[in-house]
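S.K.: Sequence:
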Amino acid sequence: MKRDYYEVLGLEKGAGEAEIKKAYRKLAMKYHPDKNPGDNNAEEQFKEAAEAYSVLNDSQKRAQYDQFGHAATDAGAGGFGGGFADFDLSDALRTFMEGFGSSSFDDFFGGGTGSRRRSRGSDLKVTLKLILEEIAEGVTKTIKVNRMDSCDSCNGTGGEKGSMPTRCTSCDGSGQVRQISRSLFGQFVNVGACSNCGGSGEVVSKPCRSCGGDGRRKKSAQIKVNVPAGVAAGNYMTLRGEGNAGPRGSDRGDLVVFFDEKEHKYFTRHGADIITEVEISFSQAALGEKIEVPTLTGSANLVIPAGIQSGQVLRMRSKGLGELRDGRKGDQLVKIQVSTPTKLNSSQKKLFEQLSSTNGRKDKTKVRKVQL
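Numbering of the sequence shown is given in the UniProt record's numbering, commencing with residue 1 and proceeding in unit increments.
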């Protein structure tokens, strides 16, 4: 079971941005693979700290984590804002680089690993609108996206068939460009992918005529999205590796799916509860009756107690939406509106007069103070 992200970094839940960054840096410097070669436990600690920092340092991801816990980031459960079920060492190293503004501390690690970093494809963002019935039970949706995919003509190499790649002169085949800078923390080596070769260290002598040497072409794709029960408007899910392909065969970006809710004919959402209004007749209110009302899973019976007043709310247990964090079902709240007859024939009017006379006194108007 995953540890709480705040516990991983040794922080309280209300920790500020500076505290989060400081705690992460301390752990990252302690457990970095360059300082602990061959130590699998240190590598796991390094990855765990990076994963926690990736969430808590992002205000949107942190808000969802605070609300939903690990369900918000568990890719295996259709999690939101990261999908860390397969958070690996390369992700941790990338987080480390972003957290420190470099891939290594020359003064601390002695130059880093020097591994080649290729340009990654860009992320895609889409919005998926759901009806409340889908949100209540969870649903699998197929969405269509237009994205950059590997070129069929050159198989993503960017070169004409038979052409041989040559060493990139901009980075001397390393795939990286480096810039040394100094800060209060010491000397940084800022490393990024070479823009000329896309981080591959090679350029093509004869660019592919179909893709112009980029190795990619725009295509349409059908992507399945497993939406868990209980999502809300503003939640999002990150599908790793479903974004745009990178140039010349490099890694894909991610597909970020934002969720929204379609307006419902009967229901308004309030957290995990849903609210609807039912109009009943004067006689139903006075005598009570079992009526049929719509729910998210079909019609259900609701008992109207005798003497119910207009504005009263009846609760139908577990007829609402599932909670994303623990799966608990919310309730359906039914607000009652009593319809007073506006047109009476003579016989109906006589019946009401008889009813009034049986009270033993003439009906009186009651005045009450309204609390605003």
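For the record, the hints were derived by calculation from the structure and aren't laboratory data. These figures come from a predicted structure and were not determined experimentally. Glycine residues also receive a C-beta, built at the ideal position from the N, C-alpha and C atoms. Incorrect hints may have been included.
To be verified - Lysine-lysine pairs mimicking DSSO-like chemistry, simulated, CA-CA at most 27 Å apart:
{"id": "1", "residue 1": "K144", "residue 2": "K161"}
{"id": "2", "residue 1": "K206", "residue 2": "K218"}
{"id": "3", "residue 1": "K218", "residue 2": "K129"}
{"id": "4", "residue 1": "K161", "residue 2": "K219"}
{"id": "5", "residue 1": "K265", "residue 2": "K335"}
{"id": "6", "residue 1": "K129", "residue 2": "K141"}
{"id": "7", "residue 1": "K161", "residue 2": "K125"}
{"id": "8", "residue 1": "K224", "residue 2": "K290"}
{"id": "9", "residue 1": "K129", "residue 2": "K224"}
{"id": "10", "residue 1": "K21", "residue 2": "K35"}
{"id": "11", "residue 1": "K290", "residue 2": "K265"}
{"id": "12", "residue 1": "K144", "residue 2": "K262"}
{"id": "13", "residue 1": "K21", "residue 2": "K2"}
{"id": "14", "residue 1": "K262", "residue 2": "K290"}
{"id": "15", "residue 1": "K144", "residue 2": "K219"}
{"id": "16", "residue 1": "K218", "residue 2": "K144"}
{"id": "17", "residue 1": "K265", "residue 2": "K161"}
{"id": "18", "residue 1": "K35", "residue 2": "K125"}
{"id": "19", "residue 1": "K329", "residue 2": "K141"}
{"id": "20", "residue 1": "K161", "residue 2": "K218"}
{"id": "21", "residue 1": "K2", "residue 2": "K30"}
What the hints assert, rightly or not - The calculated label-pair distances, taken between Cβ atoms and stated as ranges, are:
{"id": "22", "residue 1": "E277", "residue 2": "D58", "range": "35 to 41 Å"}
{"id": "23", "residue 1": "Q348", "residue 2": "K224", "range": "56 to 62 Å"}
{"id": "24", "residue 1": "T342", "residue 2": "T268", "range": "55 to 61 Å"}
{"id": "25", "residue 1": "K206", "residue 2": "D172", "range": "19 to 25 Å"}
{"id": "26", "residue 1": "K13", "residue 2": "I180", "range": "18 to 24 Å"}
S.K.: Against this structure, judge whether each hint is valid.
M.R.: Going down the list of hints, with the structure as the test:
{"no.": "1", "hint": "K144 to K161", "in the structure": "violated (31 Å)"}
{"no.": "2", "hint": "K206 to K218", "in the structure": "holds (21 Å)"}
{"no.": "3", "hint": "K218 to K129", "in the structure": "holds (25 Å)"}
{"no.": "4", "hint": "K161 to K219", "in the structure": "holds (21 Å)"}
{"no.": "5", "hint": "K265 to K335", "in the structure": "holds (15 Å)"}
{"no.": "6", "hint": "K129 to K141", "in the structure": "holds (10 Å)"}
{"no.": "7", "hint": "K161 to K125", "in the structure": "violated (34 Å)"}
{"no.": "8", "hint": "K224 to K290", "in the structure": "violated (42 Å)"}
{"no.": "9", "hint": "K129 to K224", "in the structure": "holds (14 Å)"}
{"no.": "10", "hint": "K21 to K35", "in the structure": "holds (20 Å)"}
{"no.": "11", "hint": "K290 to K265", "in the structure": "holds (23 Å)"}
{"no.": "12", "hint": "K144 to K262", "in the structure": "holds (19 Å)"}
{"no.": "13", "hint": "K21 to K2", "in the structure": "holds (21 Å)"}
{"no.": "14", "hint": "K262 to K290", "in the structure": "violated (30 Å)"}
{"no.": "15", "hint": "K144 to K219", "in the structure": "holds (10 Å)"}
{"no.": "16", "hint": "K218 to K144", "in the structure": "holds (13 Å)"}
{"no.": "17", "hint": "K265 to K161", "in the structure": "violated (58 Å)"}
{"no.": "18", "hint": "K35 to K125", "in the structure": "violated (37 Å)"}
{"no.": "19", "hint": "K329 to K141", "in the structure": "holds (22 Å)"}
{"no.": "20", "hint": "K161 to K218", "in the structure": "holds (20 Å)"}
{"no.": "21", "hint": "K2 to K30", "in the structure": "holds (21 Å)"}
{"no.": "22", "hint": "E277 to D58: 35 to 41 Å", "in the structure": "holds (39 Å)"}
{"no.": "23", "hint": "Q348 to K224: 56 to 62 Å", "in the structure": "holds (59 Å)"}
{"no.": "24", "hint": "T342 to T268: 55 to 61 Å", "in the structure": "violated (27 Å)"}
{"no.": "25", "hint": "K206 to D172: 19 to 25 Å", "in the structure": "holds (22 Å)"}
{"no.": "26", "hint": "K13 to I180: 18 to 24 Å", "in the structure": "violated (39 Å)"}
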